[in-house]
Each structure stands twice: as C-alpha cells, then as structure tokens.
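Residue numbers (this note's numbering), protein chains in the order written: chain D, 1078 to 1734; chain S, -13 to 203.
Treat the hints loosely; a few may be bogus.
Using C-beta positions, here's what the derived DEER-type ranges look like [what the hints assert, rightly or not]:
#1 Leu81/S with Lys1183/D: 36 to 44 Å
#2 Leu0/S with Leu1716/D: 22 to 30 Å
#3 Tyr79/S with His1697/D: 45 to 53 Å
#4 Trp1140/D with Arg71/S: 40 to 48 Å
#5 Phe109/S with Leu1727/D: 19 to 27 Å
If you are wondering where the hints come from, they were derived from the structure by calculation, not from laboratory data.
We put the CB at the ideal spot given by N, CA and C, even for glycine.
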Amino acid sequence: MSALLIALLSFVVGGIGAVICANRGRWPTMVGVAGVLIGCVCGIVPAVRVVLGKPPQSLRMAWDVPYGSLFLNLDPLSGFFLIPVFVLCSLAAVYGADYLEAYRPKKSLAPPWFFFNLLVASMVVVILARNGVLFLLAWEMMALSSFFLVTFEDEKESTRQAGWIYLVASHIGTAFLLVLFILLGKANGSFDFDRFSTSSGTGLLFVLALVGFGTKAGFIPLHVWLPEAHPAAPSHVSAVMSAVMIKTGIYGLIRVMMILGAPHAWWGWVLCAIGLSSGLIGVLLALAQHDLKRLLAYHSVENIGIIALGLGVGTLGLRAGLPVVAVLGFAGSLLHVLNHALFKGLLFLAAGNVAHSTHTREIDHLGGLLRRMPLSGAIFLIGAVAISGLPPLNGFISEFLIYLASFKGTLILDGVSIAPMLATIAGLALIGGLAAACFTKAFGIVFLGQPRSEHAERAHEVGLAMVLPGFVLAIACVLIGLLGANVVNSMATLVSEVTGLSVPIVRMSLAEAAHSITFVSYTGGALVGVATLLALGRAIALSNRSVYTDVTWGCGYAEPSPRMQYTASSFAQPLTDIFDSLLQTRRVLIAPNGLFPKEGSFATETPDPYQEYVFRPLFHAISRDLLLLRPLQQGQVQLYILYIAVTLLLLLLWQLA
Amino acid sequence: MNQLLNSILVFLILTGFLLLASSRLVACIRAVAIQGVLLGFLAIAAHDGNQSAFGVLLPLVSVVVKGIILPWLITRAMRDADTAREIEPLISYNLSVLIGAAALGVSLWLGQRLLLPNQPTSFLLVPAAFFTCLVGFILLITRRKAITQVLGYLTLENGVYAFGAAVALEMPILVELGILLDVFVAVFVMGIAIFHINRQFDHIDTHQLVALSDRVR
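With the rest of the complex left out, here is chain D (with noise of 0.2 Å):
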C-alpha cells in the first residue's frame, strides 16, 4: 500500500510542480511528465503482485467530512483495473510531452500538465477507495480534471461545445451514483463498502449503479459524450480517458454487483441487451464517420458492449449455476477491459500522430500515409487487426472467452434462457465483422493509396516519443495475443474474486479455454512464421531485379486523380445502406447534369440518432422551460443578497411561527 501512496503522492507533487514553474519554458512538461512516470513505476508493482495472488492489502483512517473516512483497499479487481492505468498514464505522458510542444508558444502548458496529474491521481483513488464519499470525491475530480483536459483548445466553439456536453452528462451519471450510494448508506449506517449489505431492494440499487456507471461508461444511449469529447481532447489525453477512464465505469458496475451479491437472472438479460445494442450501434456509427477520432470514439463504444456482454453471459451463468460459464463470462469481459485498453490507447496514440502530421482528422482529406509515416502506420495496422478481433493478437483471445462462455451456456441450458446466449455469439460474430470492415476502411483510406490533400502529401513521421509509446502498446498486444494461455490462466485470483467462487474451481475452466488457446496461438505463431518467410523469399527474389512502382488501379484512365479513389463514405456505402435506417444517414447530393457537367457534390453526414432525435430535443425543452426563471437573474449584486436574505428570514420565521 505504501508504494501506492507514493506513487499518489508523486501525481500531485508533479502536478503541482508543473503549476509552480509554469513560466519556465519546458520545465512544467518535464516536472508533471516526471511525476506521472515515478508515480506509475511505484504503483504497477503492487497492483500486479496483488492480481497475481499476493494478499490484498487496505489502509482505512478517519477523516473529518461526514460519513467519510480514508479507506483504501488493494484487491485483485483493483489491482487488475490499475495495471491499465499505470501503464497508459505513463506512455501516454510521454507521448504528450512531445504532443503538447507545439502548442507551447500560444498557451501555457501548466495547466494540461496540472490537470493531467490530477486526473491520473483521481483514477487510481476512484479504483482504490472503498468509501462511498471519498469514492464520489475522487469520481467528481475525475470527471472535472478530464473535462478541463478536454477544454484545453477553448479557442474553438467545438471544443467548448463539447467539454459542455461531457460536463452534464458527467454530472448526470454522478447524480443516479448520488443516489446510489445515499440507498446504501443509510440502509446500513455507514458508508464504508464492507460494511454495505443489502438484502432487499438490489434491483433498484442495480439500476441506479447501471445508469450512473453506464454514463462514464459509455453504454448506449448514455453514449453521446464520448464521440464529442475524445475528438476534441489532445489525443494523449484522448487515449487515456478512452482507454482507461471510461473503464472505471466497468469497474463502478463490477464493484456494486459484487457489493449487492446474488444476481437477478434479468440483470444478465438486461447487461447483455446493453451489451449488443452498444456493440451494434456503436460499431455501425463508427462505419458512418468521417473523422478518424470519432470513428475511434465509436468503437469505444462497441467495445464497452462486449465487455458488457461478457458481463452479462457471465452474470446469467452464475445465476443458473454454471461455474464454467460464469468463469469464461467474467474472465473474457475482463481481459477485454485490459485488451481494449492497450490498443484504443494505441489507435488514439498512432491518430494523434496522423492529426499532428497532417493537422486534419478529416479521413478523406488523408490517403497515402504508409509511406510517408511508416512507423504510426505499422503501429494503427497492429492496434487495427487487435481491436477488430483477429487472431493471434489480443482483441481476439478476451472475444473467443466470451465466445466460449456463450457456446458452452447454450450447449447446458435449454428453454429460453439460451436465448441471450445465441444472440451473444450471433452479435459478437456480426461486431466483429463489421469492425474489420471498418478498420480496413479506415486503415485503407488513410494510409493506402494516394494522399487526397495537401494535408497528407506534407505528412511527415513523427518525433521517436509519439512513436515509442505506440510501439510499447502494439508489443503488449502481440505479446498478450501470443502468450494468450499464460495470461488467462493467471487471472484465477481475479476471476474468482469477482464470481465468488473457489479458487481450484475457477482454475479448472479457465485451463479449459487456455487449453484451446494455446491452439489458436500455435496457429497465429505459425501464421506469424510463414508471413516472415514469404516476405524473406519475396525480398530473395526481387534482389537482382529493378522494380518500379505505378498508380494503382490504372483501369485505362489517361490522367488518373488521387480524386478518382474511393472515399471513406463510398467504401463503407455498401454497409451503412442496409443499415440506414438505423443510422439516418444525412445526404446532399448534386447531381452533375447534361452532356458536359461542370458541377456536381455528394456529401454524407451521420449525426448521432441519440443526441440528434432524444438528448437535443430534451435538452431544448428544459432550456426552454428553465428561460422562465431567467429573471431572477439581474446581474445586481443587491438583488442577489435580496434573495439570500429574504430566503433566510422567511425560514427562520417559519421555523419559529
């Protein structure tokens, strides 16, 4: 624990060293860089060592706010949630460290760093307290530290626009934890979580905890902040909040199921109709963008669905007393937790690296890349086939234990409980598909072909410490991929923490899927193998030859155009068409006229449904309803104490009357 607490100690001392030496040219990016960098080196021993097996460790002092006290705890949930943030918080300042220097003649760089610390130090105490008000706390710095990161471009009314609508909807999802937590209080006088137990009511409190974490989470339709807010965060800080932040929302949700204890069957129902709306929706939205980053964003959101779906198979298989399935279930959406956070830290890292060098985030502005930043592109092509679920990378193992869990539930159950298990596999097949689908777009139509812009014909790699990270990530993803059996197998501790069952009980069906495994990693080695040998023999046999390039596709035009190439909209067309009615895709068509048309224009545009047909149109109300009250506010100080003291007088004279 003590590591812990200096590495928390090492947060804020860096955060506020780099506010102290603002002034000082690089100093505040070199103070908070080191603060980050210290604080997680001493913090990711303990958190593995604890995930591995060793005792959990707490720390519990009294504190003088209400109802609160400084009660932390080390367990393997924690522990195993924490490993991410250490690892990405850190790559991720470094990256920022070269990332922000552009930035550094127009704006102060105190204050990103400051924040930066802050919200670093704001996860891991969210992820360490186990005391409802210091766990709100920590929540509402998290939440505050993250939004005047992703505020830091205020110059832009996007950006403004977007920190707005993260702030409420932040606020909401705290309101319902509010809630949440008063419940469990104050049934059982006190807010410490092993003193919570609750008999009678879970379901309530299950909702509230499912909306509240939901929210951060990103769960559909509590989504809509995160395809404004990570677009317009600098990306290092894109990352983390993609990558780890939201997933202190998954962690909220597993900490309160294990809090409230037996499961309801409708809460595996409801986690994994969750679960596929978000994978489906998110992934088909993500196919419709034209901004890489909100692209991304969306699939933030498709990967929170099938951690909720593997959240949920598990959740059914504990509720009919399924060991394995429950096991596989819970083992899989948690490896997906870490999986997704390596390579959406990755994708957002090698994005940045394409906005810095190109400074548009426009995907049909950009093509041709691969040449003239080989290394963001080899890395987006690794975090591209991790995340679409291929093996032999990562994305693939934490999807297959879901796929085991789901197939070995249907085999078992019968009668309408295998229902939510056939829709899982079938949902999870059709995700992954259409991820693959839309990483090749995106991959394809930036990095392949010829650059559609100025923009990306003056591309230009990057600095070595906004490629190293990636690099970092995209070696941890390999390695996860191929060592897929060592890594499953070890999460026994965690896993059996998290369902309640024994040890050697989870031992046995985690041995089981790592069994089958290690198959599939043979096989991806292998893959890996023949790939080597054919490029080896390909370079053998081109060696004496010469060998010159030409336009691809030629298709007998004289004058080919990088104009004439497939656009980002044209080659996810033959998609998003069957799904338009979901999507509601916006077009603008002028169509060219006559023998020889001197004009014509296509545009799409696929605005979020949620935000577009639910959120705007409900916010518009209130704002209308709230204009009412809006002469209260004059602007004049005397009116204001006005207020105050008649408010004041007329409540002491009703309590006295």
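Place chain S on chain D using the hints.
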C-alpha cells in the same frame, strides 16, 4: 447594570435608524463607528461582573478595530473616491426607515419566540442584535455605492457580534478574534477594490457593474 445594558441596546437600535435615514456618508461611517464602541461596552456589560482577562481585552481590541481603524480606513477610501453622498439609493430614505421599523417589529417578535440555551440578561438583547443584522441587510440591498455596501457589511457583522454577546456567556475567544480578523481583512480588501473600481470607471456605483455580467440582454 441592566439599566446600562438596556441603554446601550437602545443606542444600538437608534444608530441603526441613523444608518437607514442618513444620506451623508460621513454620518453613516460615524454611526458604524459608534456601533463598534457600543458593542465593546455591551460585551463588558452583558457579562455582569465576572470578567476574565480576555473578557476585557477582547472588547478593547474590538473597540479599537471597529471604532477607530475601520472607520478611518473607510473615510480615507471615501476621500480617495471623492464621494460624500449616497446620491440615488434604490429606494427612498423614508421608505428605508419604514422598512427598518418593520424590521424592528419582526426582531422584537423573534426575540420572544427564539429559545436560547441560557436566558440573556436583557429582553432587548436578541431583538437589538437581530435588528442590527437586518439593517445591514437593508443597506446591502438598497444602496448602490460601494462604500455603503461596506458599511452594510460591517453593520451585519456588528449584529452578529451583538448576538454572540447575547447567546454565549463564554464565546470561544478564538472564534471572536477570527471574525474580527476576517472583517478587518475584508474591509481592507474592499478598500483596495473600491479604489481600483473608482480609478477604472470614474465612479463607485455598483449598479454599473451589471454591465460586466454575462446576462444576455
């Protein structure tokens, strides 16, 4: 002793009315200074004999700060800002006095209803303290000049202080000192703020600060 206490309290109420009725800033500042001195005596009189060393020291400090230093600071700020009168209050002086009379009625009624752990030595103590608070509020609400705002704030604090003398025989001395320091710093800061507002806008009419609000108009 009770006779003395009651006369102090009546004086306190009268200074409240003087604050409400006067248009001249100098008179208002003097009224607040007199209040400060009265409160010092009040603290001694209310404790009826059994005095500790601190019980004498604290009123003395309070008299010095509230009766001498703060009025001097405000007078200086007034001279710097070159204003001698509250020209247009939001409501007329007559109306202020009428509202003050109503406030006194409310205070007297409250004084009867309010149950205190230890009965104060005079039945006037709670009403007078409460009335002084309300006068402070009325000043804050109806006056425009930054200096009258400061005076309102000080009056409000005087009321709180008088109430403290009424409620607790042994009010924690640290708390009293803390409040005193608070007020001192607040007035000091306000003095500086008034000076800067005046230099920036050529007047100290807080009403004009509305232009700084982000209200859509």
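Evaluation of the provided hints:
{"no.": "1", "hint": "Leu81/S with Lys1183/D: 36 to 44 Å", "verdict": "violated, 55 Å"}
{"no.": "2", "hint": "Leu0/S with Leu1716/D: 22 to 30 Å", "verdict": "holds, 29 Å"}
{"no.": "3", "hint": "Tyr79/S with His1697/D: 45 to 53 Å", "verdict": "holds, 47 Å"}
{"no.": "4", "hint": "Trp1140/D with Arg71/S: 40 to 48 Å", "verdict": "violated, 53 Å"}
{"no.": "5", "hint": "Phe109/S with Leu1727/D: 19 to 27 Å", "verdict": "holds, 24 Å"}
Taken one by one, the earlier hints fail for this structure at numbers 1, 4, listed in ascending order.
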